[in-house]
Every structure is written in C-alpha cells, then in structure tokens.
Amino acid sequence: PEEVESPSQLAADSTLPNIKQDLKTNPRQASSKGPFLSDNSIENDPTYKMSGWKQSIGQQVIKLFQIDMDKSRSGPVAGSVYFGECKRQGLYYPDEPLSDTAKFYYETLKLPQSFNQQFQISILHYWILSVRMRALPFKYGKDYQQKLVDRLFRDLELRMAQELKINSNRIIEGYLKDYHTQLLGSVLTYDEGLVTDDITLASALWRNVFNGNPNVDIRHIEALLVYVRSQLYVLSKMTDREFGFGKFKFVPPNQTVKPITKAQEQELIEKAKQEFATSDLPSQKSVLSLDE
Amino acid sequence: MSSKKELTDKIISLLRTLPKDRLNYYSSFKEVQLQRFQNLNSKDLDHNNVIDISEKDLRLQYDSLRDLVNDKYKNYYKLDDKLLKPKGNPIYYDRLLSSIKGERKETLWEAARTVVFGR
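Residue numbers (the working numbering), protein chains in the order written: chain X, 33 to 324; chain E, 1125 to 1243.
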C-alpha cells in the first residue's frame, strides 16, 4: 500500500488561510510554573537508585508478603510515567519556547493556546493509553486507568491554584467537575470512533480538540487522526508486559509509523522476552503476558 | 465552471453522504461543514472576493475528506482483536455501540451490576 506521511508533514502540506476561531473567552495564562511531576526528589530524579540494603529489605518484604507487584506497579507507571507522557504533549508556558510536540498542536494545527486546550490534548492521550489498558487483565487494566486519571486531576487541581492563581477552592472544584464531564464525553465519542469509522473519529476529534471550529482545515483533522491511529497501532503491537512496565512512549508527530509484518511482530516479541528474561527479582515479578 | 467551484461541489456532495450523528452532540460536523462550503460556493470563487483559498488547498480539503470517508487510515493502521475485543472486557465496545445505537438498553439491575463490578 502507499506510504503515509508523518502527521506534521501531512498538516504542513496545507496552506489554507487560518481564520481565528472566536472562543468568546480570553483564556487565563499561567503566571508561574509548577514542577512537571512533583516536588518529590525521587520522582524527579530518573537516575534515582535505592541504596543496596534498602533494596534487599524491600525484596524480602515483597517475597514474604507475596505482594502483587503488577498492582503496586500501576502507581509509579500509570500514575507517574504515563501521566508525564500525557501532560508533556500539549504543555506550554507563555514565556518559554514551545516544545516540539507543543509546536505540532499550537503552530502546525494552529490550536488556541489555553489551559483548556492543554487538557483536551491530555484527555486524548489518556484515552489512547486507556484503550491499551483495557486489553490488560481486567483488575490491572482498571487500576492503571484509575491511577492515571487520578493523577491527571490532581495535577489540574494543583496547577489551577499554583499556575493560574485561582484562589477559590469552590471555583476550582467547579472547574474540576466540568473537566470530569468533558473527560467522560470525550472518552465515549473517541470509543465510538475507534470501533466505527474514520469519519466518526474525525468528528470526535473536531468537536473535542478543534473546539468545533467551523473553519477548520480538514487536512489538520486528518493529520491528528493519523497521529491517533498510528499510536494505537504501536500500542497494539506491544506486549502487556512491556506496556505494564511503562516502556511505551508516544511517537512524536514528525515521525512516521509503518505497519509491520507478522514476522517483524514475532521478532519484537522475542526481543521483549529476552529483555525480561533476566528480571527475576521479587519486585520484577509479573503475570502480564509476554506473548500478546 | 471553475475548477474551484467543481471542488466545492464535490466536497458538498461528499458531506451529504455522511450519516447523521448517532448521538446529539453540541455541534454536528456534517451540518457545520455543509454550511461552510455552501456559503463558499454561493460567493463568486473566480473573483477572489472571498478569502483567498487556493485551488491546491481546496483540493487538499477534498482529498482529506475523501480519505476519511473511505476509512483509509482505519485500514492502513489495522487493529486486531487484541484492542477491539480487549481481554479485560471483551464485550466493552459491543455494549457501548448497541446502547449508542439504541438497540438495547441496560436494565436497572444490569446497570447496578456494571457499577459494582466495573464491567
């Protein structure tokens, strides 16, 4: 079949004049910057290693009490690694240069810069991950989803206070309820689009991410749809074990995803098996599948 | 007839073939876009008194819409049952679709069961 360009390239092909959408609000911009993940030194330090004696006590405790590590892992993986992935994509601060992914949303797709828009982009990424989480064994998938969504909302709450400087808790709570409703609505329509057809998914993206802009560049919707479908494709080729250990990263919009053959898929599975072959510490225990 | 007019006509007829939304959303892609391109068509495309959309861009709009309608990417990035019949909840999408289409409504008892067990 013919090749598909990267989402950024697809979107950049079009030079349709941009008519700015009147959103009837002047979005409040962040006036300060909170920590990306948290103030916790362990969470912020990717090279952190627990000292040897603490580790061995920990391993003994896990062994002794037969702790379900797949369940325990949902916190640090979904609630921190995958949360970071969802937050990073559309994140921007007014006085800072845009990240590469933020450029895709705000420059290439010409979406308005607002807190709301960032959240819509996070919801989209949450949904992509949650589709994969459903394919984990039920009790783990549910746990991963819950941890991720809890952390997203905790972060919203903190940022509204710290960055947007909203002083009233009552107002913040009101916004959180609105965002929750938006989340439920978006997940429902994305799910509908996933199992029906491209145009239904495209309409869902148009309503939620493009704010129902009447003068939207249809090429841009197409580009975002290619982005979404390609991420889901990559996720579907990843084993439960790798996904559950937080190995997934969203493919940047300027890269192309090419469908793979059955043989290549098998190769990936073998590679994953090799990677996990030496993980036999109690804390690395997992019932998540390495075959699918 | 200008080719720009031809293109907008093609876009309009393609938009007309879209099915109605299954649920009532705050805005309908089909209706909004139909109106947009019909407005565009009622103005004189040849004399550039509408915002200047080049023929190339108009063609891209048409191509994109056509690819979306033809499920190009659903087929290109084909998903298998691993995601579509997820092992955590194999009937998730079937149930979702049948209630969106209004084929079947959950009874109170079933709904309570879903809330308690999560599926």
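Calculated from the structure, these hints are not laboratory results. Fair warning: this is a prediction, and the values are worked out from it, not measured in the lab. It is possible that part of the hints are untrue.
Unchecked claim - Pairs of lysine to aspartate or glutamate residues, derived as DMTMM-like cross-links and limited to a Cα-Cα distance of at most 25 Å, are as follows:
1) E:Lys-1206 <-> X:Glu-117
2) X:Lys-269 <-> E:Asp-1133
3) E:Lys-1180 <-> E:Asp-1218
4) X:Lys-142 <-> E:Asp-1218
5) X:Lys-52 <-> E:Asp-1204
6) X:Lys-269 <-> E:Glu-1155
Said to hold, decoys possible - Residues of chain X placed beyond 10 Å of chain E at every Cβ, according to the derived structure:
7) Arg-60
8) Leu-123
9) Ser-131
10) Arg-164
11) Ala-167
12) Pro-169
13) Thr-221
14) Leu-267
15) Lys-281
16) Ser-311
To be verified - Heads up, incomplete: computed chain E residues facing chain X, CB under 7 Å, no partners named:
17) Arg-1160
18) Asn-1163
19) Asp-1181
Built from N, CA and C at the ideal position, the CB exists for glycine as well.
Separation of X:Ser-131 from chain E, once the least beta-carbon distance is taken, above 10 Å: holds (25 Å)
Proposed proximity, E:Asp-1218 with X:Lys-142 (alpha carbon, max 25 Å): violated (36 Å)
Does the closest beta carbon of chain X sit nearer than 7 Å to the beta carbon of E:Arg-1160? holds (5 Å)
Restraint: E:Asp-1181 near chain X, CB-CB cut 7 Å. Satisfied or not? holds (5 Å)
Would you mind confirming whether the straight-line C-alpha gap from E:Lys-1206 to X:Glu-117 stays at or under 25 Å? holds (23 Å)
Verify this label for me: X:Arg-60 is non-interface relative to chain E, using a Cβ-Cβ cutoff of 10 Å. At about 23 Å from chain E, X:Arg-60 clears the 10 Å cut-off, so the statement holds.
Checking hints one by one. Is E:Asn-1163 an interface residue toward chain X, by the C-beta closer than 7 Å rule? violated (10 Å)
Taken at face value, is the distance from the CA of E:Asp-1204 to the CA of X:Lys-52 at most 25 Å? Measuring from Cα to Cα gives roughly 39 Å; hence the hint is violated.
Is it correct that the beta-carbon of X:Ala-167 has no partner in chain E closer than or equal to 10 Å? Given a closest Cβ separation of 4 Å, the condition is violated.
Are the Cα atoms of X:Lys-269 and E:Asp-1133 separated by 25 Å or less? violated (41 Å)
Over 10 Å to the closest beta carbon of chain E is the bar; see if X:Lys-281 clears it. holds (18 Å)
Is the Cα-Cα distance between X:Lys-269 and E:Glu-1155 25 Å or less? violated (37 Å)
Against the hints set out earlier in the document, violations occur for numbers 2, 3, 4, 5, 6, 10, 11, 12, 13, 14 and 18.
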